[in-house]
Amino acid sequence: MSLPNQADQGITFDTFMEGVWRQNPVFVMMLGMCPTLAVTVSAVNALSMGVATLFVLVSSSLLISLIRNLVPKEVRIATFIVIIATFVTLTDYLIQAVSLTLYEALGAFIQLIVVNCIILGRAEAHASKNPPLKAVINALGMGTGFTIGLFALGATREIFGAGKLFGMTLFGDQFQPWVVMVLPPGGFFVLAAWLLLFSLLRSKSATEGGHAHD
Amino acid sequence: MSMELRTSPHLVSDRSVERIMKHVVLALLPVCTFSVWQYGLSALALLIVVTTTCLATERFLNRAAKQASTLNDWSATITGLLLALTLPPAFPLWMGAVAGFVAIAIGKALFGGLGHNVFNPALIGRAFVQASFPVAITTWAPPFAVHRFSEFIPSTLTLPFMIPNDNAAWIAAATVDGFTGATPLARWKYEHFVYPVQDMLTGAASASSGETSAILLLLCGLYLAARKFMDWRIPVAVIGSAVLVAWAFRLYGGEAFPPIHLVVLSGGLVLGALFMATDMATSPVTPLGVWIYGAVIGVVTVMIRYFGGLTEGVMYAILLGNALTPLIDKYTQPRVFGTRQQRKS
Chain W
1 MSLPNQADQG ITFDTFMEGV WRQNPVFVMM LGMCPTLAVT VSAVNALSMG VATLFVLVSS
61 SLLISLIRNL VPKEVRIATF IVIIATFVTL TDYLIQAVSL TLYEALGAFI QLIVVNCIIL
121 GRAEAHASKN PPLKAVINAL GMGTGFTIGL FALGATREIF GAGKLFGMTL FGDQFQPWVV
181 MVLPPGGFFV LAAWLLLFSL LRSKSATEGG HAHD
Chain X
1 MSMELRTSPH LVSDRSVERI MKHVVLALLP VCTFSVWQYG LSALALLIVV TTTCLATERF
61 LNRAAKQAST LNDWSATITG LLLALTLPPA FPLWMGAVAG FVAIAIGKAL FGGLGHNVFN
121 PALIGRAFVQ ASFPVAITTW APPFAVHRFS EFIPSTLTLP FMIPNDNAAW IAAATVDGFT
181 GATPLARWKY EHFVYPVQDM LTGAASASSG ETSAILLLLC GLYLAARKFM DWRIPVAVIG
241 SAVLVAWAFR LYGGEAFPPI HLVVLSGGLV LGALFMATDM ATSPVTPLGV WIYGAVIGVV
301 TVMIRYFGGL TEGVMYAILL GNALTPLIDK YTQPRVFGTR QQRKS
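Protein sequence lines, in the order shown, are assigned to chains W and X. Residues in the first sequence are numbered consecutively from 1, following this note's numbering. Residues in the second sequence are numbered consecutively from 1, following this note's numbering.
In short, the hints are calculated from the structure, not lab data. Values in this document were obtained by computation on a predicted structure and should not be read as measured data. Among these hints, one or two may not hold up.
What the hints assert, rightly or not - Below, simulated SDA-like cross-link-like pairs (lysine to any residue); rule was C-alpha separation at most 20 Å, straight line:
| hint | chain 1 | residue 1 | chain 2 | residue 2 |
| --- | --- | --- | --- | --- |
| 1 | X | K66 | W | T101 |
| 2 | W | K204 | X | K66 |
| 3 | X | K228 | X | L288 |
| 4 | W | K164 | W | T101 |
| 5 | W | K164 | X | L288 |
| 6 | X | K228 | X | K66 |
| 7 | X | K66 | W | L197 |
| 8 | W | K204 | X | A64 |
What the hints assert, rightly or not - Reference listing, derived: stretches of chain X covered by chain W, where coverage requires no fewer than 3 residues with Cβ under 8 Å from a Cβ of chain W:
| hint | stretch |
| --- | --- |
| 9 | 130-142 |
| 10 | 160-169 |
All residues carry an ideal CB built from backbone N, CA and C; glycine is no exception.
Produce the entire structure from the sequences given, and follow the hints as far as they go.
Right, here's the structure in full:
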């Protein structure tokens with residue numbers, strides 16, 4: 001991360017894995033907490049939110065990377081937002097057309113992808129400085145990491161809060177649901193538990209010296 | 001001649017954390033005994049399971065944090081006993097264990113242990129299970145049931161992670177007259193039924209394990225206050241403000257509001273005021289602050305009961321009071337002796 005000019009680096013496996021593991025948006029950078037906590041009441045909601053964000057992230061990164069040398073520095077943020085908003089609108093209509101129930105479950109959070117820090121952050125920090133292919137691969141990794149994070153939360157909350165996964169009953173009809181898990185406080189509890197697990201894993205791998213990155 | 005040099009303090013009080021906590025446990029024992037006598041095996045099992053879970057969680061987290069064991073300061077024991085006393089006697093044991101774990105792990109250890117916790121750990125545990133299992137925590141059992149010492153209430157022995165067993169058959173067999181299964185507060189809220197005072201003083205009304213006998217609770221509290229292990233102003237402020245507000249509502253609102261004895265003697269107000277609001281780590285230290293803190297708890301309790309969706313409000317009122325404690329302490333600092341009030345320029 002301390003290299004002066006990122007654009008000089010080639011595409012490595014880490015270009016993709018950065019977002020999945022080392023800079024995971026949910027568990028490490030803690031960006032995009034709003035949809036992370038709000039829509040993860042079930043695995044389906046979490047997964048579709050993750051995929052929608054992934055789509056917007058990849059497409060906007062590609063476009064921004066393509067026009068990176070044409071955009072004046074002074075108006076770059078405004079340009080990025082217009083591009084992101086375009087793809088969000090596309091996603092919004094697409095989800096509405098495919099599944100109205102899903103659209104209603106996700107509510108305003110689809111439109112709110114436009115203000116997701118991960119997307120603007122990637123545009124500013126990576127896509128606007130790197131060639132298209134590299135930007136897309138990095139965005140794919142980030143989007144995958146975000147989707148994994150959301151799915152981890154959504155699955156945990158659905159299993160505890162309803163005894164189900166993807167709507168299928170797991171433990172029979174005598175299972176006592178933990179109502180708190182589908183309430184907002186449950187979101188915080190589950191997020192905290194996953195953060196704890198991730199930091200344990202990372203500190204363990206750091207002490208073993210296997211992946212001592214930074 | 002040898003001279004021993006010592007630095008101050010020269011007078012050391014013998015009131016250590018362990019000693020105070022030990023006396024609180026001692027004061028809670030009669031309440032526990034009464035709850036066991038009243039509800040039998042189920043209440044006993046609940047007390048044991050919840051307290052053991054609290055102690056085990058404390059030990060486990062001590063070990064995980066590589067700290068010395070803090071079991072012998074008795075605070076985890078108090079948390080466990082208090083938590084069990086605020087739960088319904090027929091509460092499934094596995095849910096009690098969940099409450100105990102949450103109380104110590106989230107309510108205390110995550111904040112840094114005893115003295116650093118912002119909220120009363122026992123109430124954090126109860127709030128968690130209240131939000132998680134709203135049905136189980138409002139399922140009540142009749143006191144003084146015939147078979148209470150020979151068999152468990154069915155829901156007590158529910159398998160972990162399962163919906164509580166149905167108590168209807170057990171209750172029908174155990175009680176002579178029709179048991180409505182509602183607390184005095186619930187019966188007022190939904191039926192406008194006024195419980196007789198003597199039943200509520202002596203514990204004949206159904207409620208959580210430890211909140212039924214106001215007389216016994218007051219006696220135990222009196223012991224702690226007399227030995228100066230508890231700040232008597234807090235319970236006085238809590239109960240006093242609740243009485244004042246309830247009295248004002250009764251005076252101007254008339255029959256629409258419950259009589260005062262129903263407000264004071266029911267639903268854990270006495271238990272909460274004496275044993276939970278007075279938790280030293282989570283209540284203010286300034287003389288004026290203590291009164292404000294108690295009054296906030298009393299007023300909020302009555303407001304939740306009268307105008308909220310819940311029948312009971314002591315738990316949330318105390319948690320709110322805990323949250324306000326740093327603010328109250330900040331604005332009620334007494335003038336330091338020998339200094340002047342700073343003028344605002």
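Each hint tested on the structure:
Taking the CA atoms of K66 (chain X) and T101 (chain W), the gap is near 49 Å; set against the 20 Å cutoff, the hint is violated. Proposed proximity of K204 (chain W) and K66 (chain X) is supported: the alpha carbons are some 16 Å apart, at most 20 Å. Using a Cα cut-off of 20 Å, the hinted pair K228 (chain X) and L288 (chain X) holds, with the two alpha carbons roughly 18 Å apart. At roughly 18 Å between alpha-carbon atoms, K164 (chain W) and T101 (chain W) fall within 20 Å of each other, so this suggested pair holds.
For the hint linking K164 (chain W) to L288 (chain X), the alpha-carbon distance of about 52 Å lies beyond 20 Å, and the restraint is violated. Restraint check for K228 (chain X) and K66 (chain X): not satisfied, since their Cα atoms lie roughly 34 Å apart, outside the 20 Å limit. Simply put, K66 (chain X) and L197 (chain W) have alpha-carbon atoms about 18 Å apart, close enough for the 20 Å limit, and the pair holds. Note on K204 (chain W) and A64 (chain X): the hinted pairing holds, with a Cα-Cα distance of about 14 Å set against a maximum of 20 Å.
Residues of the stretch 130-142 of chain X lying with their CB closer than 8 Å to a CB of chain W number 5, which satisfies the three-residue condition for coverage. For a cut-off of 8 Å, the count of residues in the stretch 160-169 of chain X with a CB near a CB of chain W stands at 4, and the three-residue condition holds.
This entry does not satisfy hints 1, 5, 6, going by the numbered hints stated previously.
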